[in-house]
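Those protein sequences? They're chains A and B, same order as listed. The numbering of the first sequence is the working numbering, which starts it at 1 and goes up by one. The numbering of the second sequence is the working numbering, which starts it at 1001 and goes up by one.
These are computed hints drawn from the structure, not numbers from a lab. Check the hints yourself; a few may be wrong.
[What the hints assert, rightly or not] If we take Cβ atoms under 7 Å as the criterion, some of the chain A residues that face chain B in the derived model are:
{"#": "1", "residue": "VAL5"}
{"#": "2", "residue": "PRO7"}
{"#": "3", "residue": "VAL10"}
{"#": "4", "residue": "LEU15"}
{"#": "5", "residue": "SER17"}
{"#": "6", "residue": "SER18"}
{"#": "7", "residue": "LEU24"}
{"#": "8", "residue": "ALA25"}
{"#": "9", "residue": "LEU27"}
{"#": "10", "residue": "PHE99"}
{"#": "11", "residue": "THR102"}
{"#": "12", "residue": "HIS105"}
{"#": "13", "residue": "ASN146"}
{"#": "14", "residue": "ALA147"}
{"#": "15", "residue": "ASN206"}
{"#": "16", "residue": "LEU210"}
[As the list claims (entries may be wrong)] Stretches of chain B that chain A covers, calculated by requiring three or more beta carbons in the stretch to come under 8 Å of a beta carbon on chain A:
{"#": "17", "segment": "1135-1143"}
{"#": "18", "segment": "1189-1198"}
In this text the structure is predicted, and so the values were computed from the model without any measurement. Cβ coordinates follow ideal geometry from the N, Cα and C atoms, glycine included.
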Amino acid sequence: MRSLVKPLVVLIAALISSAGFYSLANLNQKTSGTYYVPSGSVMIAHVKSDNISFFTFATNTSVGVIISIPFSHLEKKILQTPSTVNNSTQMRINASVRFVMTYHHYSIFEFNNVSLINILSLFGKNYSYGSSLIKSGIRIYATQLNAEYSMIGTLNAVIDSINAFLDNNHFRNLDHYIDQKASLSLWLNTTAKNTSVQLSLNSTENYTSLRVGSNNIMFLKTLTTNLSEKIPKEKLNILRAFVTNYTVNGHFLYVKFDLGFPQISFLLGYLYDLLTAGGLNVKNSTPVSLLL
Amino acid sequence: MLKIVPLFLYYFKNYYRSRAFYMMLAIDLLVSSLLVYFSFTYLSSIDKYLSRIVANPPPELIRRVFDYVWNFALEYLPVLSAVFFGSPAISSEIENRTAYQIFPLPVGRFQLFAGKFLAAYVVSVLISGIFLLFQWITFLFVFHILQPDLFYLSILLLLVFIFSILSVTFMSSAIFNKNLNAYITVLVIYFLIFPSASYVINIFYGYTPYYLLTVAAAILQQVYFNFSVFSFSGGFSINPAPVQLILRSLWVMILYGVISFTTALILFERKEAI
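Make a model of the complete structure from these sequences and hints.
This is the structure we're talking about:
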């Protein structure tokens, strides 16, 4: 009996050690911002700006931006930047922050007298793709997600993000939809009038590629026609001038534009017209209206 | 297995009657008293300090930082306990030549080892428990609410850490035949080599060596406030450590514990009363 004790202890130790080493090798520390993008997102955009990256997401009920800077830096930037930064809107005067609540030990703060677009503009880019977020009625909440990422957005978005991480219910296969190497990468999944549209856009410094997939072949045909022959609007004519190549393959339309990230807001405005001309009423579609 | 119980009781009595126990108790009471004093005197300083990081720090964050400061001491008390109770556990039997009387007894080496280990573990837990009691009562007096769930999580992690560091000291004790060597080895590795290695790796390689026990033990503080002096390359968060970090640290502590315990046992089995 006594002779069995030692081998048994060694065996148990070996089993525990093997399990431990295996777990350590496979334990993902989840420091990336992608783990905070909720699974129910219908729009995701990733923007690279200098050393900072942003994940913008929209679900049917929330809009949030995950930023790759610690919360203390974000807060300092918002509160200490002189209000003259954006004279045209004068939205940042007397910006203040107050603690609102704790959710699963995450401290959630509310920024007052400041809009999401103002905050994003502090980082040196024109984020007009989120222009509808400047609505003054929207309350802006923020929290620190981890050592590297903070987030701002609606209260629902902050809570959705925290839940996405804690419940391991984040957006799966994000890399399949979003190219984090591009200056701007955008994915959109929307449905209007029984027509579902998935839009993927990747923009570098020099050119932009667009892929539009839809269950409605007619919708794609109309888009293609608008691009190739019949141009119903003057705006679309301008847009076509930047089309360098396009192909249709089954349920997908692939378009390349001779427009890079610096002109992205210009392009997005025309894309909106293109989708509308294609017969998709996107005006009331939440993610699209947030985007354009 | 039942033979372990009387052995445990015997060694437990030995431990709590020892000078080492009273020395640890004195350190424990001194540190606890100082922290009680600081808690009441400098509570407002936490608020001021946090204001540099976040404007209007929430009360929950202040409470977590309070526990974070207390757990700085809790991170080191078990190390001292383990060194005092674990380092001489085996080597003293050789050095004092008591092994001549003990080894021929009709008791298995495993029972001897397990009884001694269990006694040292309970005494170490007792020392940390006294400190935790001070922390719990002070928290209640200062904030007028009970400790949050994170406090109990830190206790669970503490129990694993005590097992881990005690195993390391037992292994050191099984390797050396002199108490002083066993003491110094653990102290130098834990307080000098591991922290130095952590700083060097953080600075020159830009990552945190999570596999070092000193780094893993910092989770006792990080459960409240995710900042560690041993992992500065990754920045810090005002939130508690995420579950992945807790699991990783837990596994590192378990691995140190299990491997050291088994090695110590094997060495002890082969030990001769020279």
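Comparing the hints with the structure gives:
no.: 1; hint: VAL5; result: holds, 5 Å
no.: 2; hint: PRO7; result: violated, 11 Å
no.: 3; hint: VAL10; result: holds, 6 Å
no.: 4; hint: LEU15; result: violated, 9 Å
no.: 5; hint: SER17; result: holds, 6 Å
no.: 6; hint: SER18; result: violated, 10 Å
no.: 7; hint: LEU24; result: holds, 5 Å
no.: 8; hint: ALA25; result: violated, 10 Å
no.: 9; hint: LEU27; result: holds, 5 Å
no.: 10; hint: PHE99; result: holds, 4 Å
no.: 11; hint: THR102; result: holds, 5 Å
no.: 12; hint: HIS105; result: holds, 5 Å
no.: 13; hint: ASN146; result: holds, 5 Å
no.: 14; hint: ALA147; result: holds, 4 Å
no.: 15; hint: ASN206; result: violated, 32 Å
no.: 16; hint: LEU210; result: violated, 36 Å
no.: 17; hint: 1135-1143; result: violated (count 0)
no.: 18; hint: 1189-1198; result: violated (count 0)
Violated hints, listed in ascending order, are 2, 4, 6, 8, 15, 16, 17, 18; each of the other numbered hints is respected by the structure.
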